[in-house]
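Given these sequences and hints, build the entire structure.
Number of protein chains: 2
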Amino acid sequence: MIPELYRDLLTSTALAHVATLGPNGEPQTNPVWFDWDGAHILFSQTTKRQKYRNLQRDGRIALSIVDPANPYRYLEIRGAVERIDPDPDLTFINKMAQKYLGQERYPYHQPGDERVVVIVKPMHTTQMG
Amino acid sequence: MIPELYRDLLTSTALAHVATLGPNGEPQTNPVWFDWDGAHILFSQTTKRQKYRNLQRDGRIALSIVDPANPYRYLEIRGAVERIDPDPDLTFINKMAQKYLGQERYPYHQPGDERVVVIVKPMHTTQMG
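So the sequence lines, in the order shown, correspond to chains A and B. Following numbering that gives the first Met the number 0, the numbering of the first sequence begins with 0 at its first residue and continues without gaps. Following numbering that gives the first Met the number 0, the numbering of the second sequence begins with 0 at its first residue and continues without gaps.
Because the hints were derived from the structure by calculation, they are not lab data. All the pointers check out, no bait thrown in.
The list cannot tell twin chains apart, which means a pair is met if one copy fits it or any two copies do.
Pairs of lysine-lysine, DSS-like flavour, derived with a Cα cap of 30 Å: (1) K50 to K98; (2) K47 to K120; (3) K47 to K98; (4) K50 to K120; (5) K98 to K120; (6) K94 to K120; (7) K50 to K94; (8) K94 to K47.
In structure tokens, the structure reads:
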């Protein structure tokens, strides 16, 4: 599914800019930390966030990832949310803290934040560079 | 419209990740060079690109801009296309080449490419960091 020449971006520490659909079908976007399990893009979310509500309403999603070493090289992944899993022990967000911060635990967890893992199935890509 | 604390991002050489709506209302996203005229976000586009067709169909748009010096600081701008202007002399794309490449002329222009300037009116922002 992902062109071989761009797979390195999936294990890089680049951010993914996630586009979702707001309540009126309008685009919304912001950067996230992400993981790649070999077949899906995964990212963490709290259930209070607009993006979580958007994806529960309409699971269509697009992510754009720029090579940190080359701003003219990027991969866009379009797809759909396959599943949203709970993350009650913060296993996934701590894994992301390890990847992006080199820290064992995610330092910004707030008591009361309910964390989930959004699991995205890629269906189409565009790329450049 | 834009929170003062984030206005520096509008004159930075960060990329803007632009989210538009595809033919079936699905989100699409990719990075662009952008300019800020004090009231609008502007970016270049060729008329052959999917993003151009998307914006002609539905002008709703969102852009996310991360601080190049601090990946935990970002600004999202949601808005709508106010106008799409022709760029027959490549004035605008050359200005972007100056901003991003330090070159007087955009080096990737292809004969036959029809360039336009997409002018976006911000209507709402979200931010972090």
